[in-house]
Amino acid sequence: MFESVKNRRTIRKYQQKDIAPDLLNDLLETSFRASTTGGMQLYSVIVTRDEEMKAKLSPAHFNQPMVKGAPVVLTFCADFRRFSLWCEQRNALPGYNNLMSFMNATMDTLLVTQTFCTLAEEVGLGICYIGTTTYNPQMIIDTLHLPELVFPITTITVGYPDGMPAQVDRLPLEAAVHEEVYHDYTPEDINRLYAEKESLPENKQFIKENNKETLAQVFTDVRYTKKDNEFMSENLLKVLRQQGFL
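Each residue of the sequence shown is one higher than the last, beginning at 1 in UniProt numbering.
Check before you lean on any hint, since a few could be wrong.
Unchecked claim - Pairs of lysine to aspartate or glutamate, EDC-like flavour, derived with a Cα cap of 20 angstroms:
| id | residue 1 | residue 2 |
| --- | --- | --- |
| 1 | K13 | D162 |
| 2 | K68 | E51 |
| 3 | K68 | E88 |
What the hints assert, rightly or not - Restraint-style ranges between C-beta atoms, simulated for each label pair:
| id | residue 1 | residue 2 | range |
| --- | --- | --- | --- |
| 4 | V123 | Q205 | 32 to 40 angstroms |
| 5 | L85 | I190 | 47 to 55 angstroms |
| 6 | M53 | N229 | 27 to 35 angstroms |
| 7 | A216 | D18 | 23 to 31 angstroms |
| 8 | E198 | R82 | 43 to 51 angstroms |
| 9 | K197 | R90 | 18 to 26 angstroms |
| 10 | N210 | R90 | 53 to 61 angstroms |
| 11 | E180 | Q242 | 39 to 47 angstroms |
| 12 | E179 | M53 | 45 to 53 angstroms |
| 13 | P187 | K227 | 22 to 30 angstroms |
| 14 | M100 | K197 | 32 to 40 angstroms |
| 15 | E179 | M103 | 25 to 33 angstroms |
| 16 | Q242 | D162 | 24 to 32 angstroms |
| 17 | D184 | N63 | 38 to 46 angstroms |
Hints were generated in silico from the structure; no laboratory data involved.
Cβ atoms here follow ideal geometry from the backbone N, Cα and C, with glycine treated the same way.
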């Protein structure tokens, strides 16, 4: 499994080959062994195979082709509804309509999601995280009929890889590991840690295509702008209130 993780790629193109339901269920059931807050299992997974349903989900993900192209789309949701209903039916008063509960459910959900992805790759499947799930949560909530105290956290497309793309870069170990306490970065540290990333031909091309001076400007001015982040933050808070977490 070390080698599988070291050599993993994000897969965006898939063979027109279905994933056997028994295999998918086995992967999901095994991933549910991941750590969970208090043993509560605060997550649900919506499995989408139907082409019409994929088409309905696609706009929420900016019509990225993986959503329609993958045999299976999985929407992993933070879910305090099931546990709250259980409490109510057992004469216990749930108090989980708050931010802390949302955070606990989100952590549970992401632990299960990554466990699933690691297992799926180990058996030869390819996966792609779709980062737009929390950009357009309302569209996903409406499409998947998510009730109060259920919130979409991330979406994974899954299938058998159609080709093997190049592996993307990662920062060196020292960039993210701090011994004992956090050690802030000097300008020299930043230059050293990002030197390889900035030197890659694909990233230099990225700068050129976006008509920018530096790779950092591509992120701040094009990909993840302050304006977009503030707009999506306001929307996220609005939908969290609607779903009963605030």
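So, going through the hints one by one against the coordinates:
1. K13 / D162: Satisfied, since the Cα-Cα distance of roughly 5 angstroms is no more than 20 angstroms.
2. K68 / E51: holds, 7 angstroms
3. K68 / E88: violated, 39 angstroms
4. V123 / Q205: 32 to 40 angstroms: Given range 32 to 40 angstroms: holds, Cβ gap about 34 angstroms.
5. L85 / I190: 47 to 55 angstroms: The hinted range 47 to 55 angstroms holds for L85 and I190, with Cβ atoms some 49 angstroms apart.
6. M53 / N229: 27 to 35 angstroms: holds, 29 angstroms
7. A216 / D18: 23 to 31 angstroms: violated, 42 angstroms
8. E198 / R82: 43 to 51 angstroms: Between E198 and R82, where Cβ atoms are some 46 angstroms apart, the hint holds.
9. K197 / R90: 18 to 26 angstroms: Violated - the Cβ-Cβ distance for K197 and R90, about 52 angstroms, lies outside 18 to 26 angstroms.
10. N210 / R90: 53 to 61 angstroms: holds, 56 angstroms
11. E180 / Q242: 39 to 47 angstroms: Holds: the Cβ-Cβ distance is about 43 angstroms, inside 39 to 47 angstroms.
12. E179 / M53: 45 to 53 angstroms: holds, 48 angstroms
13. P187 / K227: 22 to 30 angstroms: Given range 22 to 30 angstroms: holds, Cβ gap about 28 angstroms.
14. M100 / K197: 32 to 40 angstroms: holds, 36 angstroms
15. E179 / M103: 25 to 33 angstroms: Check passed, 27 angstroms falls within 25 to 33 angstroms.
16. Q242 / D162: 24 to 32 angstroms: Given about 38 angstroms between the Cβ atoms, the range is violated.
17. D184 / N63: 38 to 46 angstroms: holds, 41 angstroms
The structure fails hints 3, 7, 9, 16 (numbered hints given earlier, in ascending order).
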